[in-house]
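Protein chains: 2
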Amino acid sequence: MERNLLIGQSGGPTAAINASLAGVVDYALHYGKFTGVLGSINGIDGVLEENFIGMEKFRAPERIRLLKQTPSSYLGSCRHKLPDEGEVYEQIFKVFEKHKISAFIYIGGNDSMDTVEKLSRYGAENGKNVAVIGVPKTIDNDLVLTDHTPGYGSAAKYIVNSIRQLALDTCVYDMKSVIVAEIMGRNAGWLTAAASLANDNHLSPVDIICLPEVLFDTSDFLTHVEKTIEEKNSTIIAVSEGIRGRNGDYILSGLAKSTAAADGFRHAALGGVGRYIEHIISENLGIKTRSIEFSTLQRCNSETASLCDIDESFLQGAEGARLASEGETGVMVGILRKSGADYEPYITSFDISLVANREKKIPEEMISKNGFFVTDEFIKYASPLISGQPKIIYNGGRIEFEVR
Amino acid sequence: MERNLLIGQSGGPTAAINASLAGVVDYALHYGKFTGVLGSINGIDGVLEENFIGMEKFRAPERIRLLKQTPSSYLGSCRHKLPDEGEVYEQIFKVFEKHKISAFIYIGGNDSMDTVEKLSRYGAENGKNVAVIGVPKTIDNDLVLTDHTPGYGSAAKYIVNSIRQLALDTCVYDMKSVIVAEIMGRNAGWLTAAASLANDNHLSPVDIICLPEVLFDTSDFLTHVEKTIEEKNSTIIAVSEGIRGRNGDYILSGLAKSTAAADGFRHAALGGVGRYIEHIISENLGIKTRSIEFSTLQRCNSETASLCDIDESFLQGAEGARLASEGETGVMVGILRKSGADYEPYITSFDISLVANREKKIPEEMISKNGFFVTDEFIKYASPLISGQPKIIYNGGRIEFEVR
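Heads up: the protein sequence lines correspond to chains X and E, in order.
In this text, residue positions in the first sequence follow my numbering: the first is 1, and each later residue adds one.
In this text, residue positions in the second sequence follow my numbering: the first is 1, and each later residue adds one.
Among these hints, one or two may not hold up.
What the hints assert, rightly or not - Restricting the straight-line Cα-Cα distance to at most 25 Å, the calculated cross-link-like pairs of lysine-lysine (DSS-like) are:
#1 X:K391 x E:K391
#2 E:K81 x E:K98
#3 E:K176 x X:K81
#4 E:K288 x X:K81
#5 E:K81 x X:K288
#6 E:K81 x X:K176
It should be emphasised that the hints constitute simulated quantities derived from the structure, not laboratory data.
As the structure is a prediction and not an experimental result, all values here were calculated from the model.
Could you put the whole structure together from the sequences, leaning on the hints where they help?
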């Protein structure tokens, strides 16, 4: 009897989402009880359009190796949130039936886990024999239950080493200076908090971290900056794109509103939160300040990925394929760590209904009392996640990729 | 008789300037005819302030290794252009005499070579027995005579692989999109041109390159973008920060002028050329466009440096120390390549008076006829310079540095 596995990817790119895909495909092709392995182009959109490709070529280990170092989604992505109910479910399961799909694995973040939850529920309620499994992915690290998410460690490592190199760049002249680094993460500050890991015994450039979990008080902030820059010549301030003012509104949305009446060009030219913070420091304290937006490079940098992240992402993908092969449904693969001094992770899975549509923020005990840094508990939590450097394959200086 | 070597670094940071320093120090300590090796803190300013440190600790190979992977200037930097004549020269040579300096090596770009020229001329004219040698450094690659400059290959490699990774990030959704990448280089477009090397047989994201050597015509540009985006879904446009309009003025300075009357915040919020180009594309062609400024990371990224660049920078530093040890003066070390199909570089040196205060732009034959790309001649010239990946030493995921 034909039993095919279908895989899709969804949501924003990361450096590790293809490592998870590699794990799924590698396990499914070699150990899974499947007759075929298919990829859906552009996530659930590809399912609706029956836009599938065969994944047989990944029997070759060198292709798996390249896939692991290819950032962004090999199978493309979509931002398609399924409705609570409707024809679309019948349509999707008709496609599954037509293509003899016995299992569907969806790799993605919060919205994708919502899709997994809805599809697995529909399947169970309508007696469909299709396993639906989620494999997590998000640089935001905001999925609940699982200890951390694939993609986070690599993005964090990019932030850490970019800051370390910028720190040397900025202290080269003998003058006071501030760098404001704007970091992704609208609601949860995990990635911004990772800036703290840039500090070690030899170089300790990051003194202030502004998280979305802490309401931003301008005068309190400026006092802190002033004190810091009195003590040392130069400092780096890590700011989440999602910081909010005392009224609870995003600083960014306040800025957008205040220029909404301005003409198009000014609006286009308006920088983000980083530029705003740069402005209030230089205006109020008269210190040379420069803002840097790490931009999308922070989520798609495979060249300097964390080996820990890539390996764990691969293993979580493989576990997804194993569970799918066993006919398990309605779960998200995840990772936990044993308690103790050393980092000892293990792969597990969670009921998808307990994961979907929830958001994990940084807990209070990981944020310093004054709200402008993280505690040792965060450092201990996050440090192992950025460790190790994958061996990258280059060709004439160019990083090589596996592309469709 | 005491004979000390003094070394200084000057100008903007690069990923390779410390590799040159490592070359100078390594040669000087092991093979040079010197009694001591000193470093001047913050370039020529350190000479005037007699702010020197001993470099003995670099006898240890592991310190040399770390120094080679430390971006920015280990000895600090300055932007101090010496006057044509004046007391300062007497003052500098008095310091040299006091500290028994028999040779002074200055690692830097255009302005630093001006300093080398002036000091060596003053020395020769006043019978001073101090060798003054320049070792080049600039990501701009704009020094004359030498084939290419230390720092350029690493910055170019950073641009290439950042663009390749961004290209995968941007094409993930099924929609038309443009990325505008703003790249450093005010007058010479060598670094911007390196974006062309991001293209290979599998992935060819860069279609348009705007160089400072070619006057920017907006309507011509938009026609080109429109045609490109008709043919493919997404494209990356590389734009030099120094592009100039048809009147010969920097586009950037035009922008600054037009907002000079606006309030401080708008001025601070004003993006660079990249944002301007983003704006004219999205306004005129209605295509989703995002601009990315690579910022100072493009010049200080050691993690993904070019091995060719790091090795050549080290060798040029060593050659500087050798020449200084031989009592040679008034020269800049450089590199040339043998003609032929393969890349065969060799280290040499040039009369400093032929180098200082000149600027090498991209020659016409390396720019495509329509002005929006480079020719194969450029590709052939630049390709070897980005090759090879240095083995980087990390500690728990953090790149390690040698810091003062």
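**OP:** Take a quick look at whether E:K81 and E:K98 sit within 25 Å of each other, Cα to Cα.
**Re:** Holds: E:K81 and E:K98 sit about 23 Å apart, inside 25 Å.
Subject >> 25 Å Cα cutoff - pair E:K81, X:K288 >> reply: Judged against 25 Å, a Cα distance of about 22 Å means the pair holds.
**OP:** Starting from E:K288, check that the Cα of X:K81 is at most 25 Å away, please.
**Re:** The hint holds at about 22 Å.
Original post:
Regarding the pair X:K391 and E:K391, is the alpha-carbon distance no greater than 25 Å?
Top reply: The given pair, whose Cα atoms are some 10 Å apart, holds under the 25 Å limit.
Original post:
Hey, E:K176 versus X:K81, does the alpha-carbon distance stay inside 25 Å?
Top reply: OK: E:K176 and X:K81 at ~21 Å, within 25 Å.
**OP:** Could you grab the alpha-carbon distance between E:K81 and X:K176 and see if it respects the 25 Å cut-off?
**Re:** 21 Å, holds
Checked against the numbered hints given earlier, the structure satisfies every one of them.
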